[in-house]
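Starting from the given sequences, assemble the full structure and let the hints guide the process.
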Amino acid sequence: MITGMERLLAAVNGKKSDRVPVFCNLFDQGALELGVSLEEYYQRGDLVAEAQIKMRARYGYDNVWSLFYVGKEAELMGCKEILFAKDGPPNVKDFVVKEFGDIEKLVIPDDITAHPAFEEQAKCLKILKQELGGRYPICAYLTGSMTLPVLLMGMEKWMELLFWGPPELKNLLLEKTSDFFRKEIAAFRSLGADILLYSNPYGSMDVIPENFFHQESMVWMKRDLEPGGMAGVVYYCGMARLNGAIPSVIKELGIGTYYLSPFDDLAQGLELVGPQRLSCGVINDIPLIDWSKEEIRSEVKRMMEIGRRSPRFLFGTGVMPLYIPQENILTMLEAAYEYGRF
Amino acid sequence: MATNGSPEIVGVTEAFYQAVFDTDRNRAFAVVQQALDQGISAEELVFSAVIPSMDRMIKAVSEDFNASLAQHFMTAQIASQVTDLLLSKFSQKPAVLGRVVIGTAFGDLHTLGKRIVIGCLKSLMVEVTDLGVNVSPEKFVDEAQARGAGVIAISAMMVHTARGEQGALAVRELLAQRGVEDRIKLVVGGAPFRFDPELYKVVRADAWADDGISAGRVITRFLQGEVL
Ligand code: B12
Numbered sequence: 001m002i003t004g005m006e007r008l009l010a011a012v013n014g015k016k017s018d019r020v021p022v023f024c025n026l027f028d029q030g031a032l033e034l035g036v037s038l039e040e041y042y043q044r045g046d047l048v049a050e051a052q053i054k055m056r057a058r059y060g061y062d063n064v065w066s067l068f069y070v071g072k073e074a075e076l077m078g079c080k081e082i083l084f085a086k087d088g089p090p091n092v093k094d095f096v097v098k099e100f101g102d103i104e105k106l107v108i109p110d111d112i113t114a115h116p117a118f119e120e121q122a123k124c125l126k127i128l129k130q131e132l133g134g135r136y137p138i139c140a141y142l143t144g145s146m147t148l149p150v151l152l153m154g155m156e157k158w159m160e161l162l163f164w165g166p167p168e169l170k171n172l173l174l175e176k177t178s179d180f181f182r183k184e185i186a187a188f189r190s191l192g193a194d195i196l197l198y199s200n201p202y203g204s205m206d207v208i209p210e211n212f213f214h215q216e217s218m219v220w221m222k223r224d225l226e227p228g229g230m231a232g233v234v235y236y237c238g239m240a241r242l243n244g245a246i247p248s249v250i251k252e253l254g255i256g257t258y259y260l261s262p263f264d265d266l267a268q269g270l271e272l273v274g275p276q277r278l279s280c281g282v283i284n285d286i287p288l289i290d291w292s293k294e295e296i297r298s299e300v301k302r303m304m305e306i307g308r309r310s311p312r313f314l315f316g317t318g319v320m321p322l323y324i325p326q327e328n329i330l331t332m333l334e335a336a337y338e339y340g341r342f
Numbered sequence: 343m344a345t346n347g348s349p350e351i352v353g354v355t356e357a358f359y360q361a362v363f364d365t366d367r368n369r370a371f372a373v374v375q376q377a378l379d380q381g382i383s384a385e386e387l388v389f390s391a392v393i394p395s396m397d398r399m400i401k402a403v404s405e406d407f408n409a410s411l412a413q414h415f416m417t418a419q420i421a422s423q424v425t426d427l428l429l430s431k432f433s434q435k436p437a438v439l440g441r442v443v444i445g446t447a448f449g450d451l452h453t454l455g456k457r458i459v460i461g462c463l464k465s466l467m468v469e470v471t472d473l474g475v476n477v478s479p480e481k482f483v484d485e486a487q488a489r490g491a492g493v494i495a496i497s498a499m500m501v502h503t504a505r506g507e508q509g510a511l512a513v514r515e516l517l518a519q520r521g522v523e524d525r526i527k528l529v530v531g532g533a534p535f536r537f538d539p540e541l542y543k544v545v546r547a548d549a550w551a552d553d554g555i556s557a558g559r560v561i562t563r564f565l566q567g568e569v570l
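In the order they appear, the protein sequences are chains W and A. The first sequence lines up with residues 1 to 342 when you count with my numbering. The second sequence lines up with residues 343 to 570 when you count with my numbering.
Fair warning: there could be bad hints in the mix.
[What the hints assert, rightly or not] Straight-line Cα separation of at most 30 Å, DSS-like style, residue types lysine-lysine; simulated pairs: (1) A:K481 / W:K86; (2) W:K301 / A:K543; (3) W:K98 / A:K481; (4) A:K481 / W:K80; (5) A:K431 / W:K157.
These are computed hints drawn from the structure, not numbers from a lab.
Structure representation (structure tokens):
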């Protein structure tokens with residue numbers, strides 16, 4: 001039977017497999033799958049791996065995740081408290097940088113893989129690699145240096161420092177988060193993650209003005225990514241729009257895969273990415289909670305019709321909310337398998 | 343108090359709007375300071391420069407100006423900081439357009455959206471009480487009643503805090519139980535509402551807004567008694 005990796009590799013090489021590869025991002029749903037609370041679930045890498053494997057097998061999509069929740073990165077930099085919910089993703093509660101003075105004290109661990117907060121993630125990745133390695137792409141989530149400060153100090157304080165604060169302090173923090181990023185991406189590469197989602201809403205002109213993107217964001221993105229190279233790297237702006245950024249990112253960074261935004265025009269996105277690179281068309285998964293079967297099917301059909309015009313196309317989701325009924329997940333996936341058939 | 347403006351104020355208004363548009367805080371403050379030095383009153387500055395500039399920003403954003411989040415943030419900050427400065431110089435306590443209580447939904451710790459909305463409302467002469475983060479439905483309604491607020495504004499960044507049992511839905515329930523629905527309107531906003539423009543109806547809010555600057559328009563309309 002054809003595997004997710006074979007489908008992905010076919011798309012990477014501009015060849016046709018049986019259908020368009022489908023990336024479905026289920027995180028919190030893993031706790032439901034195993035019948036445990038979210039808080040218990042996220043304490044254990046073996047549970048996360050087990051649920052990722054089970055959900056992939058049951059639904060038949062093409063990827064699995066080593067990500068628990070985004071706040072994990074803050075834990076690696078010293079965050080001590082995470083707020084768990086019963087019906088949604090965990091969130092950073094304790095900010096490591098409470099005042100600007102804390103930036104100097106911020107320590108980036110030399111070896112992040114030795115950090116206790118990494119242990120369960122490493123365990124999860126190891127199990128995924130053993131069970132699915134080479135057959136299903138394993139995704140890792142890595143927040144870019146310009147976005148990481150949000151997890152350390154909140155977006156409000158970071159916006160202030162970024163635009164109005166002392167430049168030395170801003171640069172000091174960015175150097176530290178960029179160092180962290182380089183270590184993190186190297187760690188995930190060495191542990192065998194296949195896809196490295198570079199998550200950086202500050203690489204979207206929805207979040208920052210265009211001139212700032214060229215003058216500042218680009219500089220830090222280069223610093224983050226150039227040492228390790230672009231292999232496996234996917235450009236993603238947290239679902240914020242990115243079409244406007246694509247030409248510069250191609251030219252200056254040379255990233256080969258783009259996780260588009262549902263707020264952008266898909267056909268335009270494909271054109272900007274071009275036939276030589278991989279585009280992922282991303283469904284707006286929040287209305288999936290309430291959409292009827294017909295609405296879901298017609299949206300997937302619309303996207304596939306546009307996407308299949310490109311030789312290198314994937315279908316993907318955002319951070320699928322736990323509120324989406326299982327039935328609707330199934331409807332979306334069945335439609336994607338059907339309309340994505342070659 | 344002059345509202346249509348002396349010849350001097352027209353130039354000040356234009357210069358202030360340009361500074362806000364360019365998110366240049368120093369220039370915005372310099373324009374205001376210069377006007378004060380020229381003898382233009384704080385009252386006239388607020389009503390003839392700050393508020394019309396915010397109205398113009400609202401119009402620009404609703405028409406075609408594609409402002410980034412950083413621009414919304416900086417506009418809101420500049421306008422509200424200038425308003426704070428000017429209010430401290432008012433000769434009499436100013437009349438407010440109305441009162442609003444705002445907070446992030448229960449379980450939600452994301453404050454930036456709320457801060458932007460507060461900034462815009464303040465510069466439109468709305469009295470805003472910030473209830474902070476992770477606010478329970480009871481607190482929203484108790485505080486709104488205690489302060490005579492015409493609008494409860496709730497910000498939520500995630501689906502579960504937007505739709506959850508302790509969010510806007512519970513606030514609506516309390517408003518109904520206490521029989522104050524005609525006096526207190528419920529306005530919501532934040533990422534999930536932008537991804538699903540119909541979501542405000544699911545959580546039984548009266549309205550929502552796509553961004554901070556438009557939030558100013560939606561909320562002030564309610565405060566002025568308009569039915570949307
Ligand atoms: C930037 C971003 C991030 C950043 C920073 C987030 C932060 N603020 O802390 C990072 C990369 C760290 C991140 C992480 C996560 N994120 Co995020 N993120 C985004 C993104 C791109 C923008 C959100 C944001 O901060 N905007 C800034 C604020 C100011 O904008 P806003 O909330 O929309 O507010 C504006 C308007 O909505 C309005 N408004 C706001 N409040 C109010 C109130 C009223 C009354 C009114 C009228 C108007 C109004 O005015 C504001 C200004 O214009 C969105 C996608 C998107 N395009 O919106 C996803 C998004 C919000 N994230 C999402 C998720 C799930 C997460 C995580 C929970 C993922 C995880 N599993 O760990 C983590 C949480 C991290 C944590 N805090 O611990 C989801 C939420 C939906 C869902 N599935 O529940 C989104 C929608 C992405 C998606 N579709 O999958 N994220």
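task = Taking the numbered hints from earlier one at a time, note which ones the structure violates and give those numbers from smallest to largest.
result = Violated: none.
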